[in-house]
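The listed protein sequences correspond, in order, to chains A and B. Take 1 as the starting number for the first sequence in our numbering and just add one per residue. Take 524 as the starting number for the second sequence in our numbering and just add one per residue.
Bear in mind the hints are in silico, worked out from the structure with no lab data behind them. Where a beta carbon is used, it is the ideal one built from N, C-alpha and C, also for glycine. Any given hint might turn out to be false.
[Unchecked claim] With a Cα cut of at most 27 Å, we get these calculated DSSO-like pairs of lysine-lysine:
| id | chain 1 | residue 1 | chain 2 | residue 2 |
| --- | --- | --- | --- | --- |
| 1 | B | 688 | A | 463 |
| 2 | B | 1049 | A | 39 |
| 3 | B | 1238 | A | 52 |
[Said to hold, decoys possible] Have a look at the derived ranges for each label pair, beta carbon to beta carbon:
| id | chain 1 | residue 1 | chain 2 | residue 2 | range |
| --- | --- | --- | --- | --- | --- |
| 4 | B | 702 | A | 364 | 55 to 63 Å |
| 5 | A | 383 | B | 582 | 39 to 47 Å |
| 6 | A | 150 | B | 1211 | 34 to 42 Å |
| 7 | B | 1039 | A | 362 | 36 to 44 Å |
| 8 | A | 364 | B | 554 | 49 to 57 Å |
| 9 | B | 1028 | A | 39 | 19 to 27 Å |
| 10 | A | 70 | B | 554 | 31 to 39 Å |
| 11 | B | 591 | A | 76 | 40 to 48 Å |
| 12 | B | 1039 | A | 80 | 24 to 32 Å |
[Stated by the list, open to error] Just so you have them, the derived chain B footprint on chain A, three or more residues with Cβ under 8 Å:
| id | segment |
| --- | --- |
| 13 | 50-62 |
| 14 | 84-98 |
| 15 | 468-477 |
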Amino acid sequence: MSFTLTIDGRPVQATEGESLLQVARRLGLDIPTLCYLEKCGPLNTCLVCLVKTDGRMVPSCGTPARPGMIVESETEEVHAARRTALELLFSDHVGDCLSPCHRLCPLGLNIPVMLRQIEAQQTQAAILTVRQALPLAGVLGRLCHHPCEQGCRRGNWDGPAAIRDLERFVTDRDREQPQPSLPPQQPPSGRSLVIVGAGPTGLAAAHALARAGHAVTLLDRHAQLGGTLRGVPESDLPAVVLEAELALLPRLGIALQPGVELGRHVTLPELAERFDAVLLTVGEVAPADAPTLGVPLAGANLKTDPNTCQTPVPKTFAAGAAVKPVKQLVRAMSEGRAAAECVDRSLRGQPVCRPEKPFSSVMGRLDPAELRQFLLATSSASRVSPCDRCAGFSPPEATCEAARCLHCDCRSSGNCVLQHYAQVYGADANRFRADRRPFEQHLQPGGVIFEPGKCIRCGICVKLTELAAEPLGLTFVGRGFDVQLAAPMNRAIAEGLQKVAEECVQQCPTGALAFADPSASRA
Amino acid sequence: MITEVNGVSLEVKAAPAPAAGTEVDLAFVDRTIARLGRAPDTVIPVLQAIQEHFGYLPQEALQHVCRSTDITPAAITGVSSFYDMFRHQPVGKYIVRVCRGTACHVTGAERVEDALRRRLRIPAGDDTDPDREFTVEPVACLGCCTLAPVVKIDETTFGHTTAEKVPGIIQDFLARMAAGDEAPTSTETIHRPRNGRTEIHVGLGSCCMAKGSDRLFHALQEGARQTGTDVVVKRVGCVGMCHRTPLVEVATAGKRSAFYAGLTPAHARALVQRHFRPRGFFGHVSRLWTRALDSVLTDQQVDDQVQDCALDVREPGVLAFLGKQIHIATEHFGRLDPLSLDEYLAHDGFTALRQCLGAPDPQAIVGAIEQSGLRGRGGAGFPTGRKWRVVRQQTDDTKYVICNGDEGDPGAFMDRMILESFPFRVIEGMAIAAVAIGAHEGIFYIRHEYPLAVRRVRAALAELEKRGWLGERLLEAAYPLRLTVKEGAGAFVCGEETALIESLEGRRGMPRLRPPFPAESGLWAKPTLINNVETLAMVPWIVRHGPERFATLGTATSKGTKVFALAGQIRRGGLIEIPMGTTVREIVEDIGGGVKEGRRFKAVQIGGPSGGCVPARLADTPVDYESLREVGAIMGSGGLVVLDDSACMVDIARYFLQFTQDQSCGKCTFCRIGTKRMLDILDRLCAGKGQKQDLAALEQLAAQVSQGSLCGLGKTAPNPVLTTLRYYRHEYEAHLQGRCPAGKCSALIQYRITADCTGCTLCAQHCPVDAIPMVPYQRHAINLDLCTRCDSCRQVCPHHAVQVS
């Protein structure tokens, strides 16, 4: 028996017994759900799938569609309610989606993954991880001021992991190959742009835009590319390393034009005529040079909109020291990358804005007892120093040092429904900040790791064990805010998951249940 | 036996069997399983039996249940950790239950609890003292609100406690235990009354009993026996005037009744002698003899004391208390022996049911209830007749009717009183409902905190079965009806109908999403009618007097009467039944006699944790469903707690939110975490650590919790916060600035001794934490770092020299 109802003003057919969620999904609406699994039926616990009907908010997964219903789904009011549900869940979510080192890296290198790949001696995979995030990775592996290491949780125990040295180790291995690796590239977009100034900012932008599939031309008034990098002493940055990194640029399809100066050999209007976009990364602007650039100034710098990197001149963007003094190399590069993102969006006709920081739940400081939970599953060796400082880590030293990583990033990051919808809904993980529960991590026999603080009490695993008639199974213990997931009779979680461990890990909407095996290849 | 200690009446019963030692008696578990069955839905009764036997749930016993029944380990762990009554650790020898009900809260229960823990040396974070003598257990509400604050040690109830009285209470309790106090005869095994012309009625509801009425009852019986007078001492249900308990009525046919309030067993014989002539010559001699003895052993004072207890019913206070009431659910209050079927029959009992059984079409009963305008008295006020009609229309062969007696609101005890006092009436209402909708099975779901109610309903059912009026037949009709009693296990949320059903099916009491409503798919997925105790208690009257008569009472949309538990900071607390539409002012000022001397009436909290505060300036609001909703409160189940100007409204909001947050089942995000985050904000405010944006954040979150929660508990939990924010925002703002205008929030107040101090040292002697150095004849001073704000010094100071700022 089929009937019609209305969702967000669109009429839609439904049959008896269908839920609002099922009907809405058929319309192509992405209503978020955390606790819904067709096999389990509606559990009605997460309440993130709210829709409004008849003046009331109802969970769409458990509300049957009825003829003539008028349902609101994608409205600001409904979204606000869904966002609040997500934010409430985060207020009681003990865990970091991204590790502190990852969050602190201005270029967003997924450091824990790199470390696990090094530990597993998957050097090629580690190279790709590094190359995906870092332009001129070999240079950063030597010069970066490594803010990541300041955030390393192990720093409060026996010293942070030697992240920068390990980065250097990876890129050194890459350079030893006959053909160093390139990060993956998007198919050609058919759009072209020119970048003026091949210092760290310009190089990073060129790198990012070339990878995004655009035709990039890179100008520099000097005969040699690299800008301020050329002034670094050989002992800190051997020329051979810089050259090797620069040699990757033509391979990414970037047209290099050294010795071309804006205002002298070419004018801004000419560039704007020839290219779809212009990005000025000329470094600090000398007062004398300013008029020749063709862009109005704000104080001593080029005038730009800080949110879009756009100058008042059409199609023209600017970034780096030309806009705002930048001290650190890695920050200069991240500025280049942010500008690249703006240019990319503009070339694709999307609204222009700087990239947002990736969403992450943040646990904050851990006390030593909590830290110990991480240490249980990790190498207890203290920080390794390379035997030969000039040569950097040897492979065994690198493996040993990488094994010190605490794996404090979430095993489900990127695969977590809660994290996904938090991003989609712009949830603020700190809106209801409160005293958090202690961090706990229970390594189960059989390789399942249970982190109670990440459990959102959705009930999927409880239901799955019930459906599979697990001899012991799982249950909720306690009531209200203190409800916990546990195996009955004070037994271990693993004992309750004899048949459906794999399925429960797979269906867990967060990282509460995961396999402990870091499995670097999977990442 | 009864004694007054520090003005506190004591009632002592035998302690339960001490917790078993290391050996767990598995044979008991086997017997229990044999008795209750092996099906998964027996899990709660089985656990209750084990808990009652061992005092806790020994792990071995639970494992044995898993092995020998179809109950899964997940069910045992899940269920036993969900309900409050279950404990997994052995308890102390004695259990001290501290009531945290609303009335107790506003009269200082927190200080009493602190004092108890200090006196019993219970370490922070624990509930039992190191010697495992006493376990202190807070309970949501003992339902003796007029005696607040209430503490119950094992079966002994102490009313009107204070932190000051705590040492005396413990000492006395232990002395009694050491003396091996004999258990008083149960009031449930009662002698059949003889046909006396005169009767002495003793109220034997739980409140009255907590004030010693059962011992008074036995003393009066004994007195009557000794003096040989022709008098019947009779147990009756709640009289309603809880502020005057124990209340005794001497009723003689054709004469005006004499009332006595506050009698003790010591007065019993004097009372009997005042009123009755002994039978025959020997009785007369015996009377003279005992009188002579009395004059030797006691003094004339006893008789004077009895005279002092006499209550003039024409006294304006009594008239005002009773005058505005109309008794429908509590018909014949204070007259009926709760367990006498004959008396119930003599007062039109079961005529309504007989009428319904004789009706050609049960549809007519539904019609009558619809016509009467009766709405659910459990809180939401859904039209009862409409609910009945929906269940009646279902075509399933099996249908259930459930009486919801899981009255859990702190501050409410109407349902307990009705079940205790009028069990036959509720059974009759239930039977009428069953006939009307075509159900042949019914369940009373009564919370286990109401043991007397459970016992009386069970006894009443047994009496009916004995007469063959229940079971295969209903009265004389060939209508099979089976009624049983199931006890709750301590979870407020089980008052929500879908959670109640989950609980009956042997699961954690977590509400289901409605629709489907229980009327379509309820217990075991069958159509189920769930009505509140009071609703069912109204039904026989409506049938007997006709729906029109019921509908003449009350307002346009709220018909009939409503029973309220009137308690808090008020002079005449008790149980009242008034027509809908009576104003808050009439209830508080006329019936309740207003607040205590020197205090100002501030607000009334109506509807408990789901309701709100009606401020004094809106006291002319009529009590009906719509008007209350308009001002932000709800009718709720009928708890009515009066607050005077010593109440802090932020604290009240926090109190209720703490309750709902604690009682949240934890299923849905908004209620589980949302109420906790709201409470975080209120805790901050009461601790003086509020932040500027807190009020806006609280308001916003309250609205979203109310909108997004799955069931009624979560949807209404923000109400106490929203109404206090609406009417008392200035108090919230004061807390933001670090002030508690009512001087209640202990983090925001300081005690100070003024120049009026004479150096009597009383405060120093009573300070439980030695924060006041003893300096005779000098002005004392309080060390604020040590002071716990227990208020003891202020209470004992004879010169009012202790001030709170």
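Okay, the hints, checked on the actual structure:
no.: 1; hint: 688(B) - 463(A); result: violated (51 Å)
no.: 2; hint: 1049(B) - 39(A); result: holds (24 Å)
no.: 3; hint: 1238(B) - 52(A); result: holds (15 Å)
no.: 4; hint: 702(B) - 364(A): 55 to 63 Å; result: holds (58 Å)
no.: 5; hint: 383(A) - 582(B): 39 to 47 Å; result: holds (46 Å)
no.: 6; hint: 150(A) - 1211(B): 34 to 42 Å; result: holds (36 Å)
no.: 7; hint: 1039(B) - 362(A): 36 to 44 Å; result: holds (42 Å)
no.: 8; hint: 364(A) - 554(B): 49 to 57 Å; result: holds (54 Å)
no.: 9; hint: 1028(B) - 39(A): 19 to 27 Å; result: holds (22 Å)
no.: 10; hint: 70(A) - 554(B): 31 to 39 Å; result: violated (59 Å)
no.: 11; hint: 591(B) - 76(A): 40 to 48 Å; result: violated (57 Å)
no.: 12; hint: 1039(B) - 80(A): 24 to 32 Å; result: holds (29 Å)
no.: 13; hint: 50-62; result: holds (count 6)
no.: 14; hint: 84-98; result: holds (count 6)
no.: 15; hint: 468-477; result: holds (count 6)
Comparing the model with each numbered hint stated earlier shows that hints 1, 10 and 11 do not hold.
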